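Chain order of the listed sequences is A and B. Using our numbering, the first residue of the first sequence is number 1, and each one after it goes up by one. Using our numbering, the first residue of the second sequence is number 1, and each one after it goes up by one.
No lab work stands behind these hints, which were simulated from the structure alone. Given the structure is predicted, the values throughout are model-derived calculations rather than measurements. It is possible that some hints are incorrect.
Claimed, not checked - Ranges between beta-carbon positions, derived for each pair:
id	chain 1	residue 1	chain 2	residue 2	range
1	B	T150	A	R131	54 to 64 Å
2	A	Y386	B	T150	18 to 28 Å
3	A	L360	B	E374	49 to 59 Å
4	B	S331	A	D351	52 to 62 Å
5	B	E85	A	Q252	26 to 36 Å
6	B	V286	A	S331	33 to 43 Å
7	B	K344	A	M119	34 to 44 Å
8	A	C151	B	D362	35 to 45 Å
Glycine is no exception: its CB is placed at the ideal position from the N, C-alpha and C atoms.
One-letter residues, chain by chain:
There are 2 protein chains.
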Amino acid sequence: MNGFGITAAKGFRAVGVHAGIKKEHLDLGIVVSDVPAAAAGVFTLNRVRAACVQLNESVVQNGILQAIVVNSGNANACTGAKGWEDAQTMQAVTADQLGIPAAHVAVASTGVIGVELPMEQVQTGIKAACREAAVEGFETFAKAITTTDTCLKQYQATVNIEGKQVTIGGAVKGSGMIHPNMATMLGFLTTDAAVGAADLQQLLRDVTNESFNMITVDGDTSTNDMVLVMANGQAGTSLLSPEHPDWPVFAQAFQDVAVYLAKSIARDGEGATKLVEARVHGAKSVEDARKIAKAIIGSNLVKTAVYGADANWGRILCAVGYAGVDIVQESVDIWLGNIPVAKKGMGIPFDEEAAKEYLLGDPVVIKVDLGLGEAAATAYGCDLTYDYVKINASYRS
Amino acid sequence: MNGFGITAAKGFRAVGVHAGIKKEHLDLGIVVSDVPAAAAGVFTLNRVRAACVQLNESVVQNGILQAIVVNSGNANACTGAKGWEDAQTMQAVTADQLGIPAAHVAVASTGVIGVELPMEQVQTGIKAACREAAVEGFETFAKAITTTDTCLKQYQATVNIEGKQVTIGGAVKGSGMIHPNMATMLGFLTTDAAVGAADLQQLLRDVTNESFNMITVDGDTSTNDMVLVMANGQAGTSLLSPEHPDWPVFAQAFQDVAVYLAKSIARDGEGATKLVEARVHGAKSVEDARKIAKAIIGSNLVKTAVYGADANWGRILCAVGYAGVDIVQESVDIWLGNIPVAKKGMGIPFDEEAAKEYLLGDPVVIKVDLGLGEAAATAYGCDLTYDYVKINASYRS
Chain A
1 MNGFGITAAK GFRAVGVHAG IKKEHLDLGI VVSDVPAAAA GVFTLNRVRA ACVQLNESVV
61 QNGILQAIVV NSGNANACTG AKGWEDAQTM QAVTADQLGI PAAHVAVAST GVIGVELPME
121 QVQTGIKAAC REAAVEGFET FAKAITTTDT CLKQYQATVN IEGKQVTIGG AVKGSGMIHP
181 NMATMLGFLT TDAAVGAADL QQLLRDVTNE SFNMITVDGD TSTNDMVLVM ANGQAGTSLL
241 SPEHPDWPVF AQAFQDVAVY LAKSIARDGE GATKLVEARV HGAKSVEDAR KIAKAIIGSN
301 LVKTAVYGAD ANWGRILCAV GYAGVDIVQE SVDIWLGNIP VAKKGMGIPF DEEAAKEYLL
361 GDPVVIKVDL GLGEAAATAY GCDLTYDYVK INASYRS
Chain B
1 MNGFGITAAK GFRAVGVHAG IKKEHLDLGI VVSDVPAAAA GVFTLNRVRA ACVQLNESVV
61 QNGILQAIVV NSGNANACTG AKGWEDAQTM QAVTADQLGI PAAHVAVAST GVIGVELPME
121 QVQTGIKAAC REAAVEGFET FAKAITTTDT CLKQYQATVN IEGKQVTIGG AVKGSGMIHP
181 NMATMLGFLT TDAAVGAADL QQLLRDVTNE SFNMITVDGD TSTNDMVLVM ANGQAGTSLL
241 SPEHPDWPVF AQAFQDVAVY LAKSIARDGE GATKLVEARV HGAKSVEDAR KIAKAIIGSN
301 LVKTAVYGAD ANWGRILCAV GYAGVDIVQE SVDIWLGNIP VAKKGMGIPF DEEAAKEYLL
361 GDPVVIKVDL GLGEAAATAY GCDLTYDYVK INASYRS
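Whenever a hint applies, use it, and build me the whole structure from the sequences.
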């Protein structure tokens, strides 16, 4: 059987098991590379950081990863010295079972904050997972890392470099994008490309700014957010770097996978019924475009209007105005899909029925031309519905 | 009959009428001082500004106001040159009817964005309002400035200065505090104190930072937000200024009125069932404390947990962490009312039933001690409910 998602690239095995952190569902997963892999990671900017985030930062600094162990159902955040000890135990037990150095194992947790992990169950689960990891385990892995996700989020892309198939795959979890601080986002990418850790890290940073960071507002991240990458070189190409002629091909495929996965998180926002994209162009800088795209995507008023299929472009313009960017109201044009609804900062006549029809579809693309420059950015989010409130009103119950 | 709210102070008359901007409800109000009054105003930071905001900024700069005309149902925002002309017409017609200079009249609008005002109805409404303004008109005025508000928001305080009764009163509108960019907030304060315009402006700025700005996140304001003050000196005291021995008494009463009105807006958030207060102390600076208090109040996850009476303190700590303030996780203590739920950044055992009981009450006070200094701040918000989504999914319909 071929792999998919997290095991699509050569030389990766994975599995998800039920350890007993959650009552019934799969709640513990591991992904293992056959050989030590180059490592990269990006982490939450929250000042309150889970033990696993602190642990992984030092792991990634060493540049080598061979396995990642993940549990859902418990974030092991705000758990003090015991939490730190538990994260280290998860790392040590995994390393021991796999016969690799503890320093080559990363740990990720997601779920409720402030509750200690049931370490007996966790350790038993890790042992089972280490035994069972296989190429075909991508789906149970993708399942085991979820919390309130309503679907599995996996993707992969393959490109041809030096006559070899180079694959990038991954699995992510995340849901709850009403406001972008809602839920932990965990992302795990694997590739059989040969890339140095420093180049991989820079690539991940650049790509994250176009993907996972465009579904979150800067700083509004959870205690546990992270994206980890392992590049194990098993495709058999020579070392890829920005100087390699096919680097752009690899980098683009890497970005495609990240953007797809980011969009799959945005679409699966808690209670969401559709993906919303805000495409901002005509900005003076990419930073400006990003700020405005995120302000639109983050506006609860815009999100509820999309849910209600109400072509209330005034709320979009209002979000443009408060994004903290120096704009000129009289030069802003707005479209819903391909329907122009405002020109030069003012409403124009448009077919309300056609706009309603468009807003009832999925995805909904909001386009804004600031009319000030050449820079552009796109942010991804979802609509805001009754079910969001339902899901979040009693999460711990 | 004595006045109340906006007409509580001597020498102010007001009224609300039905002009025809809304189908049925009162939609146009005026408040008039018997004599020219010292003026102060604070306005939205949104880059997209309604015509009335631009108009009032120049009016307030002159330091004199004698009347304010307000309409609800239409924000006259994003309406271009025609909108600007209409705001000026509202000002001119009011001034003409009252026999005062146009430059002494401020204009405020709230409602849907991007639709032109029905000026014939507005003009007829202004004429009726100018005829009917009276001390007993406070209630129709308070009603006429509302949009999705579910209650009238009026308050007043009287202090004794130099043996004279000095009164500060006011009326505000605002609702939709799920995210603080939701709805226009309009505030109108009147006082019979004798205060110079410059001192009044400084007092308003200081007080706004402790009241109306603590129900909004900086920059996340609508196109039309404003607070206007008229001080007409009719109480008969000598000129009040920060050098006057009773200035602190006056300033405190002024702040009490503003905080009460700000809390009444927070409590009436769209779909809200209760007031939520975030009291942060132990901060290194007031600015830090404000940022964190607002991050807690602005967190949809905290707001839904309060609605669900779920003592999920981890979400509170998470908001503390992403507020953009340099905190030390290990020194943060959290209470729900008087129930300690976290100490030194970690959960502690607490009576879940008692916490649930507390969260079912109103208001809910979240206290956070950062353990880093002496500064404190309080922010005001509300819970997030199903009805918020319902109200905002089809506002224009």
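Against the structure, the hints come out as follows:
1. B:T150 <-> A:R131: 54 to 64 Å: With Cβ atoms ~60 Å apart, the hint holds.
2. A:Y386 <-> B:T150: 18 to 28 Å: Because 19 Å falls inside the window, the suggested range holds.
3. A:L360 <-> B:E374: 49 to 59 Å: holds, 54 Å
4. B:S331 <-> A:D351: 52 to 62 Å: Roughly 58 Å apart at Cβ, these two residues keep to the hinted range, so it holds.
5. B:E85 <-> A:Q252: 26 to 36 Å: Cβ of B:E85 to Cβ of A:Q252: about 52 Å, so the range 26 to 36 Å is violated.
6. B:V286 <-> A:S331: 33 to 43 Å: holds, 38 Å
7. B:K344 <-> A:M119: 34 to 44 Å: violated, 22 Å
8. A:C151 <-> B:D362: 35 to 45 Å: At roughly 38 Å between Cβ atoms, B:D362 and A:C151 fall inside 35 to 45 Å, so the hint holds.
When the structure is compared with the earlier hints, violations turn up for hints 5, 7 and for no others.
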